[in-house]
Each structure stands twice: as structure tokens, then as C-alpha cells.
Amino acid sequence: MNRDADVRVRPDLFTELVGDPACRVLPLWNGKTLMSGERLALAGASVTDDAASLFYLGRTVEQGPAAEAGSPVIAALVTDAGATALEPDPERWVSLRDSGASLEPGDSALMTAAVALANWHGSTPHCHRCGAETHPELAGWARRCPSCNTQVFPRTDPAVIVLVLDNDDRLLLGSNVLWPEGRYSLLAGFVEAGESLESAVCREIAEESGVRVENPQYLGSQPWPFPRSMMLGFSARVAQGEDPDALLPDGEEIVDLRWLSREQLRSEVGTLLLPGSTSIARHLIDLWLVADGGPDLAETAHLAAIEPADSRA
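If you want the working numbering, it's the 1-based position in the sequence shown plus 2.
Fair warning: there could be bad hints in the mix.
Now the in silico label distances, taken between C-beta atoms and shown as ranges [unchecked claim]: (1) E209 x A24: 48 to 54 Å; (2) R185 x C132: 39 to 45 Å; (3) S149 x G184: 28 to 34 Å; (4) R12 x N151: 44 to 50 Å; (5) Q266 x S149: 41 to 47 Å; (6) R94 x G278: 19 to 25 Å; (7) S149 x Q219: 26 to 32 Å; (8) P92 x R185: 45 to 51 Å; (9) Q242 x C132: 48 to 54 Å; (10) M232 x N4: 17 to 23 Å; (11) E93 x T158: 41 to 47 Å.
I should point out that these hints are in silico values taken from the structure, not numbers from a laboratory. No residue lacks a Cβ here, since even glycine has one placed at the ideal position from N, Cα and C.
All chains should be built: construct the whole structure from the sequences, respecting the hints.
Pasting the structure below:
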């Protein structure tokens, strides 16, 4: 999407946008929105009439079923009454976690920005300097304190998530204390003040697993607005001289750790609870999994599901 940031300074921007026949609105209710098939169900400008808050997301880049290329899109935080008027069935409202994997790139960008802004505004109602109530400005992309004139912008917390491999190319997965039994994912953690991303990778893995790693390599990123993270994907190898099997879960966040080969992971797809397809963790695992030319997690699960029928046949 084109974020169209230059126009955010216009004082009457929302009046201009709502008056544009091409304007579309992304309704957001409790972090959820409406879908039409696998696309966002963008609404008309009238949805903004009773909205609690408005954010200008930008302009669409490509033609879509709900908006022409170049259409301005506003996110509207609708009230309970407004949500009921749009769609009375609460089951029809879906979250980014549930819909993100199936969204087109443009829709995903719109939804992610809308959820990120909504979460930030909801958690930052007061000035961090004087405590006065702040007010939105720049079309929802900043807040201003009327008392001390401090301007604040949406906060993003960087976190590293790491594909840890040993010399046998086994993958390290961990289980968090807050997760249900059998759920595993890559190890991750927030970057601390004054710390490089590479240092954060080495520190977090050592703290959570007791194993030193080296040679962190950046692989990609994902905005994760739950509530305001930026997930930075890395790979790293167990350091020379380290025993990969000398694992020591920290016991506070990580309660269990496992090394898995590709064959072992594929054989346990039906029993392990692995990251959802919306997450960068799943993407990184699949990146490693298909390196041997075999199927990814989705294809493995599909094959496992049809194998009994094939056997009976």
C-alpha cells in the first residue's frame, strides 16, 4: 500500500477523504474486521459517522474487488452498536491472527497497520512526561500533549526470533511456560537497550537454552502488532566447542527444549503444536524444512492426513 504520509498534516484531511467517492473504510471492532472470501470487506465512508476513532492508512496500489487502485482507505474503530449494525453475528468478525495467512499482501498491510495503530492509541492515552491526556493528530499517526506540547509516535518493540541449528542441521524448538502441553516454536526475545540485534540473538539463546550460538544471519522481518512488536528473523549455529545436547531451559520462560531433524519434525507434525501459518516462526521453520527438497509443514500435514485412506485403498 502507499502510506501517503505527506497528506497527514492536513487539518481537514478526514473531511476531504470522506467526501471522495473512492474512499473505502476498514471497520475495526475489538481488533477484528470483516472478510469477503479471502479479502477485506471494505465499507463505504458512512461507517465513519459514528466511529470512536479514525486513522488514515493510505492509498491502495492495485485494483481490488472492494477498491480501485489509488483509493484512500480509512480505518474506523467502530462502537459495539456500529459493529452490530454492520454485522450482528460476532463470529463473522475475524482477527489478524486468524486471517493474516490468507490475506493478499495489500490487505495484510492495511490490516496490520490498522491493528498496530489501534493497539498503540489504546495503550498510550496519557503523556509520558507530564501525565496529561494526549490527543491524536497526523491522521492517527501521532499524539500530542496539550499541556507540555510533547508529540509521541507509535512505538515498535524489536524482538529477535532465531532458527537455531547444530552441526547435524537439527532444529532447536522450545516450549513456553504459558503454552499448552505439546506446543513448540523457535526461541525469541526482545532486544534490550543499547544492544545490537546480533548480540540479542546470542544473549537470548544462551539465556533460554544454556547453549552458546555464533554467526547470526538476518533472514527477514514481520510486523507483529500484538501489541507492538517487530519480529526480526535470524539463523544461528551452535558455537564451536559447545555440546548441543547440554540444553538447560531457563525454567521461567522455557520449560522444555528439543532438537529435531527434518525427518523427526515431519513425523511429529500431527502431534506437535507448531506455530501458525501467519507467523514468521512458521516461515523460518518451513525455510529450513524444505532445504532437503522435501515438503513443508502444510504439505506434510496434508500427506499425513491422507495416508490412512491411501493405505486402506
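Hint by hint, here is what the structure shows:
At roughly 51 Å, the beta carbons of E209 and A24 sit within the given window of 48 to 54 Å. A beta carbon spacing of about 43 Å between R185 and C132 agrees with the range 39 to 45 Å that was offered as a hint. Taken as a hint, the range 28 to 34 Å is violated for the pair S149 and G184, whose Cβ atoms sit roughly 51 Å apart. Between R12 and N151, the C-beta spacing of about 20 Å breaks the proposed range 44 to 50 Å.
Taken as a hint, the range 41 to 47 Å is violated for the pair Q266 and S149, whose Cβ atoms sit roughly 59 Å apart. In this structure the hint that R94 and G278 lie 19 to 25 Å apart at CB holds, the actual value being about 20 Å. Between S149 and Q219, the C-beta spacing of about 47 Å breaks the proposed range 26 to 32 Å. Remark: the range hint 45 to 51 Å for P92 to R185 is contradicted by a beta-carbon distance near 26 Å.
A hinted range of 48 to 54 Å holds for the C-beta pair Q242 and C132, which are about 53 Å apart. For the hinted restraint 17 to 23 Å between M232 and N4, the CB-CB distance of approximately 21 Å keeps it satisfied. A beta carbon spacing of about 31 Å between E93 and T158 contradicts the range 41 to 47 Å that was offered as a hint.
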